Structure formats: structure tokens, C-alpha cells
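Bring the two chains, given one by one in their own frames, into a single complex with the hints.
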Amino acid sequence: MEIKKPAIAGTLESSDAQVAVEPADSGIELYLESSVMNQYGRQIKATVLETLERLGVENARVTVVDKGALDCTIKARVECAVFRSCDASAANVPWGGAVR
Amino acid sequence: MIPRPKPERFRLRRTMMFMNAQKPGLIKDAYIYGCDSIMLDLEDAVAENQKDAARFSLYHALKTIDYGETEVIVRINGLDTPHWQEDIRVCVAGGADGIRIAKCESAQDVLTVEKAVEAAEEEFGVEKGRTLLMAALESPKGILNAYEICAASPRMFGVAISGGDFRKCMQTTPQRDGVDMLAARGQMLIAARAAGVQCFDTVFTNLDDQEGFEAEVLQNKAMGFDGKSLINPKQIRFVHQVFAPTEKEIRQAEKIVRAYREQSAAGVGVFTVDGKMIDIAFIPGAERTLKLARACGLWEGDLV
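Order-wise, the sequence lines are chains A and B.
Throughout the first sequence, residue numbering follows numbering that gives the first Met the number 0, covering 0 to 99 in sequence.
Throughout the second sequence, residue numbering follows numbering that gives the first Met the number 0, covering 0 to 303 in sequence.
Bound-form chain B, shown alone (with noise of 0.2 Å):
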């Protein structure tokens, strides 16, 4: 029996990698390749006929495998099916960190689930609260009620976008300059940030053309997306590079954080860091700055 840490709501969540939850030969090393969080997928990548087996088979992995710091995520199956209800059983039941629902349009999805996950909380003696959930929006409801599905419970930590079902929806196709998908990704993002919880992007599904991936990455990060879901393990690194700060932000981060302490302390609140205005407004990015570098293995201060 693996005892896993108690999942934090907030932490560095870059790559989240699919996995089959029905293979053994995929889950039971899934840790070595290096992803912040892992998703074991009961749904569309198990046939109808083996998600009972899935679930036997994540029940044991949950127990047995230990992912060490890499978060585990459950991909449960939609609400729209006879699964998702032993699916939320089997997640608590063997302590996933979090669940993701699936096919998302609405917070009374999110409180479906979450009023679920509670009663498999009190079935199995696992700490009310423990398990956490994000949602994946794949249609254009979901979209549109993006901010009431963040904000639909405290249990939420963040919010991503399925293109492949939501482009059928959209009659698209994936493009090169991501014009598909411009304008959900950017309301996704809003309401993200105005509900407080992260965001992250689709999946890129063509593991030959890695121009394109690199091109989507390199948007996901200026649209301001906390990270990218992947489908095979060589995809990890380029988006560690990208979401890593860069040195010369981290000196800066370092330097407001340092000059804040010193002047609030002095008694001032707004002041200048090589002729930029800074104010208190500008702590939260530059500690987040520096928990990620420390996070990608850049930095090693103590100051946050």
C-alpha cells in the first residue's frame, strides 16, 4: 500500500500525460518519464466492453505503483453514461489526487460529481475534501458556462479544452496559426483566471509534425495557459522548456521580491526596479516566477 501525499489544489501542473488505465505495460511506470501529473483514462481510450476491467486494474495500480511526486488524475467517463458513478467510487476508494470530468457544460455537472465524490469519500474513510476535480470542456455549452464550471466548487483546480470533440462541434479542423480554436481557448482563459484556478490546453495528436506542436506550445504560453495535456512522453520535455522562466525573468522576479520586502518594510508602497513601477500588484507574478524556476530545477532561493 502506497500512502500518497494529500493533493494540493495549487502546484506546478506543466504536462499532464494520457494514459490507458486498461494497459499494465503503460500505468506501471508511468512516473519515470518526468510529467507533473499523469491521467489515467477510463473513458474513450477503454472500449465499452473493458470498463469494468479498467477499473479493477486502476483500483490495484492506485494502491501498488508509487508515482512518487507526479500528481495522478482520473479521466472518468461522462455523465451521460452508465460508468461514471463506480468510476468516482473506484477513484476515492484507491486515493487518485483528482478526477477529470469529462464532456463538462455546466457547474450542476461539476456539483453532480462533486456531491458523488463526497459519498464515496464517507464510504471509504478517505478525508472529506481530499479529492480534487477539473473539468474538461468539449462543446460549446461548455465554453460558454466556462466561468460558473470553475467556480462551481472549492474541490476545483482547473479547467481544460478537449479540441478534438470541440472542433467537431465547431465544423474545424486544427490549423496551423490555432485560429480554431482562438477564441475558446481565450474565454476559457478568462474565466479560469477570474474563478482563480488554472487552465490547460488540448492535446496535440500528430506526433509527426513537431513544428506544429512546438508552434502550439509557444502560443499555449503567451495566451497564459498553466500547461498542456500530452499524448506520448517525447512531447515532456519542450514543454518544460517553454514554461520554464526564462533567466532574465527570474532575476527580475528575484530582485522585485527582495525590494518589496525591504521597502514595505521602510513604510513604502510604490516604488522602481530598474526604472519600472512596482507595486504590491506585481508580488504574485514574480513569486510565481520563482516557484516555477525552482520547480524546473532553475533556481534555488529561499525566498517564497
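So that you can see chain A by itself, here it is in the shape it has in the complex (with noise of 0.2 Å):
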């Protein structure tokens, strides 16, 4: 997927992330910023990776402020942010297939 404007999904809140991607020339800038990242931050840095990389994203800048949210709550708040920013975060969702 290609991302198209800049997008965001997730809240500040406990257990929970907020994740913006905009569009970039080349390749993926990923800022992670996390209240546990001595101890997740290198498992965030692939979940979120693994996440782009399944969605076909090759090239933006994400940032992700993480609040102690489990590994489930990243991706969907990365696909949500990256569906979003091209407009189809709505409907016809391929759940099981590129999320899952």
C-alpha cells in the first residue's frame, strides 16, 4: 500500500499506542518513543516493521508513541493508521488476508 497523507490511529492512554505515518520518498523512518523501551522497544521495532512490510508499505515515516500496549494493539493501530491514510479503513477490510 502506498502511503498517501498522513494518517493516525491509537490514544495516549495506558496499554494502548498512537501511531501517525506520513508519506516518504524512500524507504521506512520509523521514531518509536515507548514507556517500556528498555524492555520492548526492539519487539516493538519488528512487530511494527513486520506489520508495514505484510501491508506492501515501502516507503513512510511512522511514528509510534507506545504505552505498554501488547503486540496485537500495534498492529492494529499501525494497519488502521496505514488504511486510513489511503482511504479504506471502512469497509471491505481483507481481515485474515493482508491483516491479520
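Because the hints were derived from the structure by calculation, they are not lab data.
Nothing here was measured: the structure is a model prediction, and the numbers come from that model.
The reader is advised that the hints may include incorrect statements.
Capping the alpha-carbon separation at 20 Å, the derived lysine to aspartate or glutamate pairs in EDC-like fashion look like this [stated by the list, open to error]:
no. : chain 1 : residue 1 : chain 2 : residue 2
1   : B       : Lys5      : B       : Glu120
2   : A       : Lys66     : B       : Asp28
3   : B       : Lys27     : A       : Asp70
4   : B       : Lys27     : B       : Asp65
5   : B       : Lys254    : B       : Asp278
6   : B       : Lys254    : B       : Asp273
7   : A       : Lys4      : A       : Glu28
8   : B       : Lys102    : B       : Asp43
9   : B       : Lys62     : A       : Asp70
10  : B       : Lys62     : A       : Glu49
11  : B       : Lys27     : A       : Glu12
If you want it as C-alpha cells, here you go:
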């Protein structure tokens, strides 16, 4: 998927993460801030990158502010932000396909 | 991936607790409270501009979190919104046990949802008929059509009244003795029993009024409800206590089932237990009491 416009998903509440995506020219730029950076920083990064790859996002600036979210929440927020940036979040989402 | 067992149309549903599907902090450990069912909400708890985000969150919660024995129902948006079709797709794809139809007013509403569920089961390769349905009656029209709604589909397991909206339509407010909804609750119960589905009461929203809550739960039990919708875990324990059969009821039920088996094996149809006439009509009730007692951890027999 191509990031067409800036989009954001999630909140700054505990157990949640806020993910913002913006168009970028070459590759993925990932900025991560987390309340559990020392313990889980690497795992969160891996989850974000894996999710972007699964969605076929090749170029994007991605900012994640994590408040101790589970992996499944990180995935949900990244996916929602990407689908929102493509105006594709409201209907016919490929549940179980690219979203899994 | 957590494979959930096939949903049971008839199971213990004393407590059904609402949870906002958009809030990861709530849904990640909803099963620890011990309610019989959780109701992940895509409708009123989720702001209009977060409906999409709630679905992504719901999908991954359903696929990742092990809710164990707790039943997982999803409340979808009303049929008069642009959201309900996608809500159904995500429920079925995620493997929710059942869907609660908000603002249901007719059998046609149930059929409309059923058709979309069937299409989604086909699309996502889910066993046909797996996804159960229940209806929330929130208007006078819904109450008047309660029977046709309850009987509209073999997927229907129950019906619930939604007090907030209903009272608004009736121009009333919650009353101490429940007179504001007495007729509606009664009509819905009769319809549910006639159609052979379960029946659940509305939420009690004033968390500071424990006395009022307890009075309402006792009335629910006396009227014959199967259970109650809840908004807070602290309400669970009292409902489970009230809906649990008493020691006396359990002993009586055990006696009845035992005596019935012995007597019918001997060719006798009607007999007495402790001076009361018993025939086959008493057996389903007695068996239900024993099943409920077992689910409440009060009985360990093997009669049922």
C-alpha cells in the first residue's frame, strides 16, 4: 500500500499506542517512543516493521508513541493508520488476508 | 491464533459485561472478571470517527487473546448506520461467538443481519451457522414485535431489553420498583419463552446505588430472566449469587430427577416427591436447576 496522506490511529492511554504515518520518499523511517523502551523497544520495532511489510508499505515516515500496548494492539494501530492514509479503513478491509 | 470452540446456543449467561472494543486496556484482560459473557461494543461506546479503529482492535483481540470459557459477543452498529456491514465482516472473520443486533425492531432486521453473516461466513471460510445472534430491543416497536424477532432465525439465542433508549421512547425514567419497564420486561419474557430463547435484562447504570441494583437483580430473577447486562465488574458477583439455585432447590431437583428415572423405568408416569405431584413436565426445570448449580460450583453430581 502507498501512504498517500498523513494519518493517525490510537491514543495515549495506558496499554495503547498512537501511530502516525506520513508519505516519505525512500524506505521506512521509524521513530519510536515507549514507556517500556528498555524492555520491549526491539520487539515493538520488529512488530511495526513486520506489519508494514505485510501491508506492502515500502515508503513511509512512521511515528509510534507506545504506552505499554500488547503486540496485537500495536498491529491494530499500525494497520488502522495505514488504511486510513489510503481511505480504505471503513469498508472491505481484508480481514485474515493482509490484516492478520 | 486462538481457536475458539464452537459457540453453544444454550449455555449459562447470567452476566454479560459491556466493554468498549476501542480500548485495549479494557479488552485485553476482560476474561479475568469471571462474567459468563463479554460484550465487546462497536456501537455507542465508540465515537463516530473511531469506528474503523475499533474494528482493527477488535479483530486482533479476537484472534490473539484467549478468553477461555468466557463467551465473546460483539454489539454491532444499528442497521440505520453505514457501519453494520463491516462490523459483521470483522466479527465473523475474527471468530466472535455471537453478534448482538442493536435497535432491533422486526424479524426482517434479524434476517437482514443473518444474510450478511452468512455471506461473511462464506467469504472467510467460517463454518456456516457458527455465528450466533441475539437482539436488543430498544423501542416500543421492538417490544411489540418481540416474538417474531425471537423466532426469526435458528441462530437466535436470546433477546435483551435496552433500558436507556426504551425509557426515552416511553417518556419515563428508572423507578425504584421497576414499574417503568414492567410491561416491556414482561412482554419480552413471554415472547422469549414462547420462542424458546433466553432473555436478559438491561444494565443498571448508577454504580453508587448498590441497594437499587440489588433490588433490580432480585426482581429480574423473580420475573424469570436468564441474566443481566452489566457495565462494571463489581456487579458480577451479586448477580451470580442471586441466579445461583439455593441448596434446597438443588436437593429438590436431584430428588425429582432421580425419582423420575426410577419411576419411569418401572412404568409409572405420575408420582409424588415430598408430597408434591411430579410428572414429566417438571423434569426440564429440575435438570436446568442442576446444570445451573454445577456451573455455579454448587453441585458435582452426574445426573445431567
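Consistency of the hints with the structure:
Distance hint between Lys5 (chain B) and Glu120 (chain B) is fulfilled; the C-alpha atoms sit about 14 Å from each other, no more than 20 Å. At most 20 Å may separate the alpha-carbon atoms for a hinted pair to count; Lys66 (chain A) and Asp28 (chain B) meet this at roughly 16 Å. In summary, the hint linking Lys27 (chain B) to Asp70 (chain A) is supported, as the alpha carbons are separated by about 11 Å, within the 20 Å threshold. The hinted pair formed by Lys27 (chain B) and Asp65 (chain B) meets the criterion: a straight-line CA distance of about 9 Å does not exceed 20 Å.
Annotation: proposed proximity of Lys254 (chain B) to Asp278 (chain B) holds, straight-line Cα distance about 13 Å (limit 20 Å). About 9 Å separates the Cα atoms of Lys254 (chain B) and Asp273 (chain B), which keeps this hinted pair within 20 Å; it holds. The hinted pair formed by Lys4 (chain A) and Glu28 (chain A) meets the criterion: a straight-line CA distance of about 15 Å does not exceed 20 Å. For the suggested pair Lys102 (chain B) and Asp43 (chain B), the alpha carbons sit about 11 Å apart, so the restraint of at most 20 Å is met.
For the hint pairing Lys62 (chain B) with Asp70 (chain A), the CA-to-CA distance comes to about 12 Å; that is within 20 Å, so the pair holds. Taken as a hint, the Lys62 (chain B) and Glu49 (chain A) pair is honoured in the structure, with Cα atoms around 17 Å apart against an allowance of 20 Å. With a C-alpha separation of about 14 Å, the suggested pairing of Lys27 (chain B) with Glu12 (chain A) holds against the 20 Å cut-off.
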